[in-house]
Amino acid sequence: MGLQSYIAERKQGKDLLVMAHVVCGYPSFAENMQELEIMAEAGVDLVELQFPFSEPSADGPLFVQANEESLKAGTTVDQCFAFMAEVSARFPFKVLMMGYYNTAFKMGEETFVKRVKEAGGVGYILPDLPVEESANLHRLSEEAGIEPIILMTPTSSDKRLAQLGAASRGMVYAVARKGVTGSKTNMGDDVLELIERCRQHTDVPVGVGFGISSKADLDFLRGHADIAIVGTAALKTWKEEGAPGLRTFFAELMA
Amino acid sequence: MDIFDFSDGREGYYGEYGGVFLPEILHATIEELLECFRECKADPTFWQEYVALLQSYSGRPTPISHLENLSRELGGAQIYVKREDLNHTGSHKVNNVMGQGLLCKRLGKRKVIAETGAGQHGFATATMAARFGFDCKIYMGAVDVARQRPNVFWMENLGAEVIAVQDGQKTLKDAVNECMRDWVTNMADTHYILGTACGPHPFPEMVSWFQSIIGLEAREQMLKQVGRLPDRVYACVGGGSNAMGIFQGFFDDESVELIGSEGGGHGVGSYMHSSRLAYDDASVGVAQGYKTYFLQNQEGNMNETHSVAAGLDYIGVNPIFAHLHDKGRVRFEAATDTEVKEALKLVMRTEGLIPALESTHGFVTAIKEAPTMGKDEIILINQSGRGDKDIFTIADALDDAKWKSFIEGKADQYRGERN
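Respectively, the protein sequence lines represent chains P and S. Taking this note's numbering, I'd label the letters of the first sequence as residues 1 to 255. Taking this note's numbering, I'd label the letters of the second sequence as residues 1 to 419.
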């Protein structure tokens, strides 16, 4: 089942889906698995598995450190794909590859698409790959039946959103504010306006990410966005409070 | 040859290198910058204003010096040097920074950010910001902050805020990442003054354009002073801005051979160097906003780099050079740390010049090749920066015992004053 129909199906039971995030190999693959078990129990719908990269320039401090530590511990692309295969076989949620374009570029776009597909991934998010550079990768993805997730942002002009919308498939990722991952976003009219503008330019479901960290944020997004994307807040909780803390975090978030 | 004519190819691409690989949030900012740059480039009054500013503020045109002693000692080609070291702030970096300062005014932005490795670019940016009245933040790897205190001292006293970057290797590439993170947050009122001809389009073109003043002057000076063009032009290559600057003056002169000299560090096979093109260790990749040769592993994660010259110690190379390397228009060699120290001593003693460690890499290759050339042949070297202001680094590199005991004495004195 493709990403878009999966989202449609999950949305029959609830009005707002949740996408979570882990950085592969940080703190370790074993701990990643425990985090994912908690996410699955809580009913998370989608998970981004971030493949660590040495120059994660779109990420905030916590994910930067996670990328760095994971690589220092020796995490490889092969391990990430093997983990992805294990995760997608084991859990009901769907899995997306998240990372930087060089990871895909170095193995070759064709190999990249093939490996995401073989590992059970339904798509990928490469935040440093603009649509201008995506034609071949998007074509290969369409043939393979996986989705490239397009990012839409508050600084995108209407003309740009139209261009992004035309390329969007599966879902779009609306970046709630300027900046890198991890800082708090004030949920307000700006975010609603962004979602509205995204909807004008695409028919695929809209996920909202960057700074989403609480039940209040989710309540705010309900009825407007299709998916709430939670990243840094979960990792921060895991680091500070471990498994019990993360269980409480998701229980409260998705209550 | 106009490498910046994109009408037959893709905008911002040099062969298969270059491009724009940035988060979507910066798309509008890069478009705005590109548009402003195109206007500046098309407006002759902008270039006039730029040249006038550098003449009145930075001592341009910088002269060309004939190194008669060194030429005689080597017994081959006649060696000439373009003296970018005589610029205000001590290097060619000021050319780009003043140009981007003027452009920043046109953009209507009041804040500037910049990355810096050794501190030369940060120092030049802080100077420009003081002169233009901009708020200035300099991102510098924590390792570099620790080893380049004199430049940090000047940046802070010029009114800039210096932020020590604690991520990654805590050096230049990490400072670039941190600049990107600032920029994706504050782009509305902030311009990113990238220091070299790398990064996303239009930076390679824009920095090359500002630095082209070096080559424009040099070509004219050679014709006027020497009566003909040089046979070979040498320049060090880190990101590649000073080399692009001087080489552009000679791109159309097929008789002039252009040679870039990279940071050879501990040498071939050491994996402790910064040679992207001269050695075979680099491969094509995409990072920090552009596609070029990077020193990286098979999975695309960047390797550690090294050079005795912090300004050459960088993972990637100007995409224009990656292309000109493919086409054979520019030849790339490497100079090792050891060779650089020896060449520096030779140049100081024979000519009374103190090139920066970066610039000395260009001298190494020229000194190796000059004896194999005829006495009627001519070499031009770009001395991109001066070394005397980097006394701490050079004294370290030369392992000078008297200097060390002086510093120990100074340290004792400060300790005494504190107690």
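Keep in mind the hints are simulated off the structure, nothing from the lab. Please note that the accuracy of each hint is not assured.
Unchecked claim - Pairwise CB distance ranges, derived in the manner of DEER restraints:
1. S:298 - P:145: 44 to 54 Å
2. S:402 - P:240: 50 to 60 Å
3. S:270 - P:245: 57 to 67 Å
4. P:245 - S:88: 33 to 43 Å
5. P:167 - S:328: 51 to 61 Å
6. P:34 - S:401: 52 to 62 Å
7. S:400 - P:118: 56 to 66 Å
8. S:402 - P:34: 36 to 46 Å
9. P:34 - S:6: 21 to 31 Å
10. S:298 - P:166: 40 to 50 Å
11. P:245 - S:284: 58 to 68 Å
12. P:240 - S:392: 51 to 61 Å
Owing to the predicted nature of the structure, the values given are computational and were not obtained by experimental measurement. Note that CB positions come from ideal geometry on N, CA and C, so glycine has one too.
We went through each hint and held it up to the structure:
1. Checked against the given bound of 44 to 54 Å, the beta carbons of residue 298 (chain S) and residue 145 (chain P), roughly 28 Å apart, lie outside it.
2. Between residue 402 (chain S) and residue 240 (chain P) the beta carbons are some 53 Å apart, a value that agrees with the proposed interval 50 to 60 Å.
3. Checked against the hint of 57 to 67 Å, the C-beta distance between residue 270 (chain S) and residue 245 (chain P) comes to roughly 46 Å, which is inconsistent with it.
4. Under the hint 33 to 43 Å, the C-beta atoms of residue 245 (chain P) and residue 88 (chain S), about 56 Å apart, miss the expected range.
5. Between residue 167 (chain P) and residue 328 (chain S) the Cβ separation comes to about 38 Å, which falls outside the hinted range of 51 to 61 Å.
6. Evaluation of the 52 to 62 Å hint for residue 34 (chain P) and residue 401 (chain S) yields a pass: the beta carbon distance comes to about 57 Å.
7. Between residue 400 (chain S) and residue 118 (chain P) the C-beta distance comes to about 60 Å, which sits within the given range of 56 to 66 Å.
8. The beta-carbon spacing between residue 402 (chain S) and residue 34 (chain P), approximately 60 Å, falls outside the hinted interval of 36 to 46 Å.
9. Between residue 34 (chain P) and residue 6 (chain S) the Cβ separation comes to about 51 Å, which falls outside the hinted range of 21 to 31 Å.
10. Distance hint check for residue 298 (chain S) and residue 166 (chain P): the Cβ-Cβ separation is about 35 Å, which falls outside the suggested range of 40 to 50 Å.
11. In this structure the hint that residue 245 (chain P) and residue 284 (chain S) lie 58 to 68 Å apart at CB is violated, the actual value being about 44 Å.
12. Look at residue 240 (chain P) against residue 392 (chain S): about 41 Å separates their beta carbons, and that is not inside 51 to 61 Å.
The structure is inconsistent with the numbered hints 1, 3, 4, 5, 8, 9, 10, 11 and 12, although it conforms to all the rest.
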